[in-house]
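UniProt numbering applies: residue 1 is where the sequence shown begins, and numbers increase by one.
Take the hints with a grain of salt, since some may be wrong.
[What the hints assert, rightly or not] List of simulated lysine to any residue pairs, SDA-like, C-alpha gap at most 25 Å:
hint, residue 1, residue 2
1, Lys-691, Cys-598
2, Lys-699, Gln-625
3, Lys-610, Ala-21
4, Lys-512, Cys-598
5, Lys-691, Ile-679
6, Lys-683, Ala-728
7, Lys-699, Ser-621
8, Lys-477, Ser-268
9, Lys-143, Ile-688
10, Lys-167, Glu-136
11, Lys-691, Ala-21
12, Lys-624, Pro-690
13, Lys-215, Pro-227
14, Lys-610, Tyr-595
15, Lys-683, Lys-473
16, Lys-215, Gly-156
17, Lys-512, Leu-308
18, Lys-215, Pro-155
19, Lys-691, Glu-586
20, Lys-473, Ala-45
21, Lys-683, Phe-627
22, Lys-167, Ile-177
23, Lys-473, Lys-143
24, Lys-477, Ala-152
25, Lys-167, Ser-229
26, Lys-624, Ile-679
27, Lys-167, Ser-135
28, Lys-512, Arg-523
Since the hints were made in silico from the structure, they are not lab data.
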Amino acid sequence: MAVRATVSRFPATPEALESCAVQWGVAVTPFAAADERGQPPTTGAGGDRVPRCEHCWAYLSSHCDLERWGWTCALCGTLNGFDDETERRFQRPAACPELNSSFVDLEIPVDEAEGGGDGVQALPVYVAAVDLACSEDFLELIKSALLAALEALIPGSLFGLMTFSHKIGLYDVQGPIPLVKNVFIPPDLEEDGLPVALEDAMPLHSFLAPVDTCKDRIAAALETLRPTSSWERGAASGQEEDTVLLGGRGFGTAMSALIEYLSSEYGSTFALARVFAFLSGAPDYGAGLLDTRRYGEQYASKGVDADLALLPEQIPFYRDLAAVAVQSGVCVDIFAVTDEYTDLASLKFLSIESGGSLFLYANTDDSTLPQDIYRLLSRPYAFGCVLRLRTSSDFEPGNSYGHFFPDPQYENVQHIICCDSFATYAYDFEFAHNNGFSRHTDPAVVQIAFQYSVIEPVKETLGNGSQSSASYKFCLKRRLRIRTLQYRPASNISEIYDSVDPEVVLHILVHKVILESLDKGVREGRHQVHAWLSLLAARYNQALSSDVRTPLSSIDIDFSQCPQLQTIPQLVFALLRSPLLRLHEEGVHPDYRIYLQCLFSALEPSSLAKAVYPVLVSYSSPDKQAFPRHTLSRAALIMSESPIFLLDTFTNLIVYYLSTADPSIPFPPPRDCLLRTTINRLKQDRCITPKLTFIHGGKDDSTLFESYLIEEQDVDGSGFTTGSGFVAFRESVRNVAGEIIQEEIGS
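The whole structure should be built from the sequences, with the hints applied where relevant.
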């Protein structure tokens, strides 16, 4: 569990919080294998026996004061007594992880009647749902992706293959020849469901095949997949052949039927079923069809904000379906491969609210889909998670951000359906009363409890003691991870500024601006970001200036006396230039914006900072790094004497050779050089597969690389012009900061 705070020295009072204008909160990556310093948790059993405070229900930790007969809660100060069992247990403190560490991961006993423990199977279940209202290229990519997925699945997993178009296809691959049963989707939305239930068409035990014995047959079934023709879809819907257009993608009906199909085995065969839905376009048939004509509307002529019009969902169908999926133990990942408008604004809820992820690929040519799905299945994940953040009594959580949903009964309790080691969530803080921290010498305390389930293989042995190769079993394990942290209140604003973590500040800022954009539109989100930076600059100058009548020209917007703040203007400028906040008329596709919203709101702070302001590194040769970081400007390239640059945008890795590079330097770089080793390490260390591109300036098209040199670009997207870009942006911030200072002097 990694926890990073926006400031390591907390503001002591509400006045100090307002005066510093810094975001106050934490970013939490609960299923990370180690903390933010790389230290793993102390592990053990007895998660159900950790003492809890009678007043605030916090867990005992190594930060609590212990006495002979009891302990004092580190959060609320309540004195709690030990019961007899705890007293006996604590007589052997070395066997009690919670006494020795502030970061523990403890196993909780699971009742076998609830589907857990070593004696009850909880098989990993995966289902691929493939769109057949598609092109041949799309289908070839999906076949490659699913073959990669089969290699990543652990033996003993169950796998099902379903197709959808104007009909649903269920595959039985457990016999010598793949068998498919089709159920036609009614075109009339008013018809109640399918004419035949999927369970009646094919029993679920025939549909879900063990991967270890049926891998070759699954691969053979994939080879039989063919796109459905438009005339076939038209005949099924009763349309005349000459009126049929591309269509017949009954995604909504298919997903609804599949979730109902799987739900019958939830809690017995499986504890979580993961569905991979592959889409080549918008659902346009049956229940849940989406009208894509709204993308072609002339919003500008109507005086309507296109960004605000295209961000909300059209219909609540997929949000409602996600709720059904959660109740059925089904998690849905959506992989959309299309450059056409698909209305991800509506579809996203099925994935993110069921615990899944949303992926978007513009084309099939250089798609990283096979690598992405292999990574997704290769890394560990937790499910059925409950996340609870508690604080000491002087402050409390304000808003929470991330792909979770709040508990309907308890405050500050979030439920996470499925969570991997990269998934990150955020909280901001507010004071519980006007006095702030009542005793500035006492540390502020944050405690995060994360309860989760995992599926673990059970080793089976035969009578002779050798391991069985014919049978695989899994069991459900429940664990409790507890992290308790202390933060000292700052004695002045300078201490707050010196303790800022700019990446976490950006993390919370991005969460806020995404919500603002969804509620009031992208323009309002942009205004919010610019206004916050201007306010921060004004507060910084007020705090550090001895003369309140500081002239406008001497307002410091580079935060020259505080290194921790100096990268924030560049981060904000880059955020305003990113497709997340660029305007519709600049050519930002609404589906791509939605994809970035979903991606950015799940990234941990360092990855998000890289996605917003990419890292540009120079190399004097493929085996020697020259400088670890350059600004994103053409001037940086001109001033650097290095011939090679590596640009890491999180989603892309670009190796760029200057046109003036020595012809003797090998291009592309050799596979055994330092540059390649760095690229391979960067590829491994993230949740998606970055696309690798090699560009030789003067020989290849450099547009992709140059598009990331944003510091000479205007915030409004007007391109490269003299005296604009980041320089003009700084002046606009200076002007607004000056206005704030003058207004407050006048009042």
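A quick look at each hint next to the structure:
1. Only pairs whose Cα atoms come within 25 Å are accepted, and Lys-691 paired with Cys-598 is accepted, the gap being roughly 19 Å.
2. With a C-alpha separation of about 24 Å, the suggested pair Lys-699 and Gln-625 falls inside the 25 Å cut-off, and the hint holds.
3. Annotation: proposed proximity of Lys-610 to Ala-21 holds, straight-line Cα distance about 24 Å (limit 25 Å).
4. Annotation: proposed proximity of Lys-512 to Cys-598 holds, straight-line Cα distance about 13 Å (limit 25 Å).
5. Proximity of Lys-691 to Ile-679 is assessed by CA-CA distance (about 11 Å); at most 25 Å being required, the pair is judged to hold.
6. Proximity of Lys-683 to Ala-728 is assessed by CA-CA distance (about 35 Å); at most 25 Å being required, the pair is judged violated.
7. With a CA separation close to 19 Å, the supplied pair Lys-699 and Ser-621 stays within the 25 Å bound.
8. A threshold of 25 Å between alpha carbons decides the hint, and for Lys-477 with Ser-268 the separation of about 15 Å falls inside it, so the pair holds.
9. For the hint pairing Lys-143 with Ile-688, the CA-to-CA distance comes to about 19 Å; that is within 25 Å, so the pair holds.
10. At most 25 Å may separate the alpha-carbon atoms for a hinted pair to count; Lys-167 and Glu-136 meet this at roughly 18 Å.
11. Distance hint between Lys-691 and Ala-21 is unfulfilled; the C-alpha atoms sit about 38 Å from each other, more than 25 Å.
12. Distance check on the hinted pair: Lys-624 and Pro-690 sit about 23 Å apart at the alpha-carbon level, within 25 Å; holds.
13. Distance hint between Lys-215 and Pro-227 is fulfilled; the C-alpha atoms sit about 23 Å from each other, no more than 25 Å.
14. Restraint check for Lys-610 and Tyr-595: satisfied, since their Cα atoms lie roughly 17 Å apart, inside the 25 Å limit.
15. About 33 Å separates the Cα atoms of Lys-683 and Lys-473, which puts this hinted pair outside 25 Å; it is violated.
16. Distance hint between Lys-215 and Gly-156 is fulfilled; the C-alpha atoms sit about 11 Å from each other, no more than 25 Å.
17. A hinted pair counts as satisfied when its Cα atoms are at most 25 Å apart, and Lys-512 with Leu-308 qualifies at roughly 16 Å.
18. About 10 Å separates the Cα atoms of Lys-215 and Pro-155, which keeps this hinted pair within 25 Å; it holds.
19. Between the alpha carbons of Lys-691 and Glu-586 the distance comes to roughly 24 Å, so the proposed pair stays at or under 25 Å and holds.
20. Taking the CA atoms of Lys-473 and Ala-45, the gap is near 22 Å; set against the 25 Å cutoff, the hint holds.
21. A threshold of 25 Å between alpha carbons decides the hint, and for Lys-683 with Phe-627 the separation of about 21 Å falls inside it, so the pair holds.
22. Only pairs whose Cα atoms come within 25 Å are accepted, and Lys-167 paired with Ile-177 is accepted, the gap being roughly 21 Å.
23. At most 25 Å may separate the alpha-carbon atoms for a hinted pair to count; Lys-473 and Lys-143 exceed this at roughly 28 Å.
24. With a CA separation close to 22 Å, the supplied pair Lys-477 and Ala-152 stays within the 25 Å bound.
25. In summary, the hint linking Lys-167 to Ser-229 is supported, as the alpha carbons are separated by about 12 Å, within the 25 Å threshold.
26. A C-alpha spacing of about 14 Å is found between Lys-624 and Ile-679, which places the hinted pair at or below 25 Å, so the restraint holds.
27. Restraint check: the Cα-Cα separation between Lys-167 and Ser-135 comes to about 17 Å, which is no more than 25 Å; the hinted pair holds.
28. For the suggested pair Lys-512 and Arg-523, the alpha carbons sit about 14 Å apart, so the restraint of at most 25 Å is met.
Of the numbered hints stated above, those contradicted by the structure are hints 6, 11, 15 and 23, listed in ascending order.
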